[in-house]
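With chain A's structure known, arrange chain B on it following the hints.
Top line first, the protein sequences correspond to chains A and B. According to our numbering, the first sequence holds residues 7 to 217 in order. According to our numbering, the second sequence holds residues 81 to 396 in order.
I should point out that these hints are in silico values taken from the structure, not numbers from a laboratory. Misleading hints may appear alongside valid ones.
Stated by the list, open to error - Here are the simulated DSSO-like cross-link-like pairs (lysine-lysine), alpha carbons at most 30 Å apart as the crow flies:
# : chain 1 : residue 1 : chain 2 : residue 2
1 : B       : K269      : A       : K86
2 : B       : K275      : B       : K119
3 : B       : K119      : A       : K86
4 : A       : K131      : A       : K86
5 : A       : K51       : B       : K98
As the list claims (entries may be wrong) - Computed spacing ranges between beta-carbons, pair by pair:
#  : chain 1 : residue 1 : chain 2 : residue 2 : range
6  : B       : D204      : A       : S45       : 25 to 31 Å
7  : B       : P200      : A       : A179      : 50 to 56 Å
8  : A       : E64       : B       : R314      : 38 to 44 Å
9  : A       : E77       : B       : R314      : 29 to 35 Å
10 : A       : D130      : B       : F378      : 53 to 59 Å
11 : A       : A185      : B       : R385      : 25 to 31 Å
What the hints assert, rightly or not - Chain B is faced by these chain A residues, among others (derived, beta-carbon under 10 Å):
#  : residue
12 : E43
13 : K51
14 : S53
15 : T121
16 : K141
17 : I169
18 : N178
19 : A182
20 : L183
21 : T184
The structure displayed is predicted, hence computed values, not measured ones. We put the CB at the ideal spot given by N, CA and C, even for glycine.
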Amino acid sequence: MASPIDISPNRRDLLITAGAAAALSSAATATAAQTAEVSQPVISKISFSVNGADQALELDLRTTLLDALREHLHLTGTKKGCDHGQCGACTVMVNGKRINSCLSLAVMHDGDEITTIEGLGTPDKLHPMQAAFIKHDGYQCGYCTPGQICSAVAVLEEIRAGIPSHVSDDLNAAPALTADEMRERMSGNICRCGAYSNIIDAMSEVAGATA
Amino acid sequence: MKSFTYERATSPAEAAAKAARTPGARFIAGGTNLLDLMKLEIETPPHLIDVNGLGLDKIEATDDGGLRIGALVRNTDLAADDRVRRDYGVLSRALLAGASGQLRNKATTAGNLLQRTRCPYFYDTGQACNKRTPGSGCSAIGGFSRQHAVVGASTACIATHPSDMAVAMRVLDAQVETVKPDGKTRRIKIADFHKLPGSTPHIETALQAGEFITAVTLPKPIGGIHVYHKIRDRASYAFALVSVAAVIQPDGTGRVALGGVAHKPWRVEKAETDLPKGAKAVMAKLMADATPTPENEFKITLVERTLSAALMDARA
Chain A
7 MASPIDISPN RRDLLITAGA AAALSSAATA TAAQTAEVSQ PVISKISFSV
57 NGADQALELD LRTTLLDALR EHLHLTGTKK GCDHGQCGAC TVMVNGKRIN
107 SCLSLAVMHD GDEITTIEGL GTPDKLHPMQ AAFIKHDGYQ CGYCTPGQIC
157 SAVAVLEEIR AGIPSHVSDD LNAAPALTAD EMRERMSGNI CRCGAYSNII
207 DAMSEVAGAT A
Chain B
81 MKSFTYERAT SPAEAAAKAA RTPGARFIAG GTNLLDLMKL EIETPPHLID
131 VNGLGLDKIE ATDDGGLRIG ALVRNTDLAA DDRVRRDYGV LSRALLAGAS
181 GQLRNKATTA GNLLQRTRCP YFYDTGQACN KRTPGSGCSA IGGFSRQHAV
231 VGASTACIAT HPSDMAVAMR VLDAQVETVK PDGKTRRIKI ADFHKLPGST
281 PHIETALQAG EFITAVTLPK PIGGIHVYHK IRDRASYAFA LVSVAAVIQP
331 DGTGRVALGG VAHKPWRVEK AETDLPKGAK AVMAKLMADA TPTPENEFKI
381 TLVERTLSAA LMDARA
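The shape of chain B in the complex, shown without the other chains:
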C-alpha cells in the first residue's frame, strides 16, 4: 500500500471542498472496497478523508412520504430497518443477497453505490484496463469474459457494476443527494448516477470532482410485491451472474431492473409495459442491442429465466 495522509472530516461541505483541493484524495467510510484496492495499489490516494464522524447514519421519513437514507447507514442497518423491510422489501432483499455479514456491518449506503467493478482484469495490474489506466486497452475483450457485461458495453470496457443494492435503488427510482465543493447541494436521479463505459470507462458516476454524497432518498412506497432474485456460482457470498429486482402490482404491471449484465444497474422502462405478458415478452426491449461474447451469451437466457421465476414468485 502506498503511503497517504489522513484527516477526519468535520462537515460534508468541508469534506467536499477539501477533496476538490487535494488531487487524488478519496473519502473513506466503510473502506471495504477502497482498502482492498489500495492494498493492490489499484487505488493509490495520497490523502484519505474519513467521513465516518459526520452523523450521516440516520434513516428519516421525508415530507413526501419517502425515506432519506444517510450516506453512512451501514448495509446491515438499512436491510434490517422496519420501514425498509415493510415498504421497500426489494431493497432489503438485495442488500441481504450481497457480500457477507461482516462486510454488510461495515459497508455504507454511499460506498455501496460507489464500489468498483470486480472485473479480474481491472484487479490485475499486469493487464491492460481502460478503467484502471485510461488508454491502455481492455484485456477482458477477447479474454475470459464469462462474468462480463452483455448490454451497454463498449469497445473500451465490458466490466459490470457489482452492486446488488444499486439494482434495487434503480427499480425504486432513488435519488442521490450530494454537496459540491462550493457548498451547493443537488439531487441526482439514480438512473443518471451510474454511467455506461463508452470511451471513458474510468468515469463511473455523475459526481464531479470532490462532490460528496450525503444521502440517498426513496420516493413514497409504491406497494406491490417486491422480489430480488440473484443467480450466482455459489448459494451465498458471491457476485451475481444475473440478478433481477422487480416490483410487481396485482394487475401484473410493474418495474424490473437487472444486475450483473451491464456497467450500471440495467433498467429499460419502455420494456416494462410488456411485463403483464410475461418474461419472454419483455426480453426484446429489455435486452435490445445486447453484445454478448461466446462466453457470456448464456446470461441472455439466464435473464429471461430469472425474470420468469421472479414474476412467478410475485404472482404466487
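Just chain A, same shape as in the assembly:
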C-alpha cells in the first residue's frame, strides 16, 4: 500500500482556494459540482531510478515524466513530439515496459526504474538495435529515432514474451517474429521522414540475431 507522499508547501493550505473562479466540470461523475481552482503550483518530492542511477527531484506536480527527464535531468535523448501520446517520440521503458512518457506524471513514478535511450547504449558501446538503425539507415532527420529504438527493443521483448497483436492469426499461439508483427506493434511511433522500411530492416536483423 502506498503511503501519502511528502508534499510541500503544506498541501492543506493549497487544497482548495475559496473564491477562485469556478470552472465547469465536464466530469461525468461530478456534473453539478463547481470546482475551485488551485491557485499556485504544488511542489512534490519524487525519487526514481533513471538508467541505473537514483534521482531525487522536487517538481511541480504537473511535470510529466518526459519533462522531468528532459528539463530537470537534462536527458534530452527522449524527444517531445506531439506531447499528447500520438507520435511515440517520448517512448521510454518504465519497469521494463514501454510507455509514452508525455502522458504520465513524474509523481506517479516514485520508486520506478526508468530506461531511456541514453541507458540502452553509448556511442562507444551501442545497443545492437542502435547499431542496426545506423547500418540500415533507419532514420532521416532523427527526431523520432530515440522513441523508435526504445519501442523496437520493447517490441522484440513483447513478441518473445508471447503477447499477441492485432495481426496475430491465432490468439492462442505464440506470435511470430515477422515483419507484419513488428510493423503493427510499431504503429505508435510515427516517422514523418518515412524511414519505416529501413526501421523494419534494422529490427529484423536484431530479431534474427537474437531469436
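Here is chain B on its own, set in the frame of chain A:
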C-alpha cells in the same frame, strides 16, 4: 495545465469518499486520456486521487465460472491473459485493435470504459460543446461529422464512444463492480453503464459522484467463434469508423455489438434473432431510427458490410 493537488488512495472506499468530498476531483490510473485532456484544459481537476497502489491489478476466476478483472489491469495484460485469449477472444481482439503498444501498457480496464469521446469539437475549446460546457450548443451538428454517431444521437450531441474494449464487454454482458462513497458496493450491467446523450451529454455513465470502479466481471464463457472487425482510416492506431464485435455459435445464432456508431457500445438484442439469416436481415432492427448526417451515412452501409464480413469469418 491547471495546478492541482494530489494524493495516493489507500483503499477503494476511502478513494470514493474522498472524491465525493472534493468537488471536481478525479481518479487517475493510467492517465493516458485524462492527462491529454488536462493539458488542453478540457479537464481541469483541482485534485487527483492516484489509485494505482490499490492492488486492483489481478484477473481472478469467479465462483460462477467467469472472470473478475481488476479495475487497474492494464490493457496489454488483459489482452494477453491466457484465459481471456482462450474463452473471451473477442475481448483480446478488441483490446489489440485499440491504441498503440505504449498506450495499452499504461491504460487500465476501468479507465478504458471511462475514456471520453475524441469528437474534434469536444477537443477544441473554441467550439460549442454541450459535453464540455453544458448548454453551450453542439458545433458537430452541421459541422464536419464524418466520424460521428449515426444511431442514438440527440439534438444536443452526436459524439461517439471511442472504446474498442467496451464494445467487446457489451457483447459479453460484462458487469461493472463499484464502491460508493458510503462504502456500499454494487454491480452495474454494462448495458446500463454508458448513457445515450439525450439532453445531458456531459453525463456519460451511470456512476454517481465519487463512485469508484473496482472491477469488471465476465460471466462464464459462452463458447462460439469470437470476432472483432474494426474499420478505420489507417491499418493501425486509429479510432474506429465502424467496428463489429460478434460471438457466433455453430448454428448461426449469436450476439453482435457495434463501435464507432453511437454514444455507447451499440447492441440491440432483439435484432440478434435474425443473425442466422445474415447481416442484411439484422440491419433493420440493429440500425432502427438511425439519424445519419450526409457526411456519415456511409457508416450504415459500412456496418452491414463489416457485419457480413464478420459473419463470414465466424462461419469459415
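Going through the hints against the structure:
1. Restraint check for B/K269 and A/K86: not satisfied, since their Cα atoms lie roughly 41 Å apart, outside the 30 Å limit.
2. In summary, the hint linking B/K275 to B/K119 is supported, as the alpha carbons are separated by about 26 Å, within the 30 Å threshold.
3. As the CA atoms of B/K119 and A/K86 are separated by approximately 14 Å, the hinted pair is consistent with the 30 Å bound.
4. For the hint linking A/K131 to A/K86, the alpha-carbon distance of about 25 Å falls within 30 Å, and the restraint holds.
5. A distance of roughly 23 Å separates the Cα atoms of A/K51 and B/K98; the hinted pair therefore holds under the 30 Å criterion.
6. At about 27 Å, the beta-carbon gap between B/D204 and A/S45 stays in the expected band of 25 to 31 Å.
7. Range check, B/P200 to A/A179: about 39 Å between beta-carbon atoms, so the 50 to 56 Å window is missed.
8. Between A/E64 and B/R314 the beta carbons are some 42 Å apart, a value that agrees with the proposed interval 38 to 44 Å.
9. Between A/E77 and B/R314, the C-beta spacing of about 33 Å keeps the proposed range 29 to 35 Å intact.
10. In this structure, A/D130 and B/F378 meet the distance hint of 53 to 59 Å, their C-beta atoms being roughly 56 Å apart.
11. At roughly 29 Å, the beta-carbon separation of A/A185 and B/R385 lies within the given 25 to 31 Å, and the hint holds.
12. About 6 Å separates the beta-carbon of A/E43 from the nearest beta-carbon of chain B, less than 10 Å, and the hint is met.
13. Among the interface hints, the one on A/K51 is violated; its C-beta lies about 12 Å from the nearest C-beta in chain B, farther than the 10 Å criterion.
14. Annotation: interface hint on A/S53 violated; nearest CB of chain B at approximately 15 Å, more than 10 Å.
15. The interface hint given for A/T121 is broken, as the beta carbon of that residue sits about 14 Å from the closest beta carbon of chain B, more than 10 Å.
16. Violation of the interface hint for A/K141 is found here, the shortest Cβ-Cβ separation to chain B being roughly 24 Å, above the 10 Å cut-off.
17. Evaluation of the A/I169 hint against chain B yields a held restraint, the C-beta minimum of about 5 Å falling below 10 Å.
18. Hint status for A/N178 relative to chain B: holds, with the closest Cβ pair at about 5 Å, below 10 Å.
19. Violation of the interface hint for A/A182 is found here, the shortest Cβ-Cβ separation to chain B being roughly 15 Å, above the 10 Å cut-off.
20. Against a cut-off of 10 Å between C-beta atoms, the interface hint on A/L183 is violated, since the closest Cβ of chain B lies about 15 Å away.
21. Contact between A/T184 and chain B, as hinted, is not supported at the beta carbon level, the nearest pair being about 15 Å apart and thus beyond 10 Å.
Hint compliance for this structure: hints 1, 7, 13, 14, 15, 16, 19, 20 and 21 are not met, and every other hint is.
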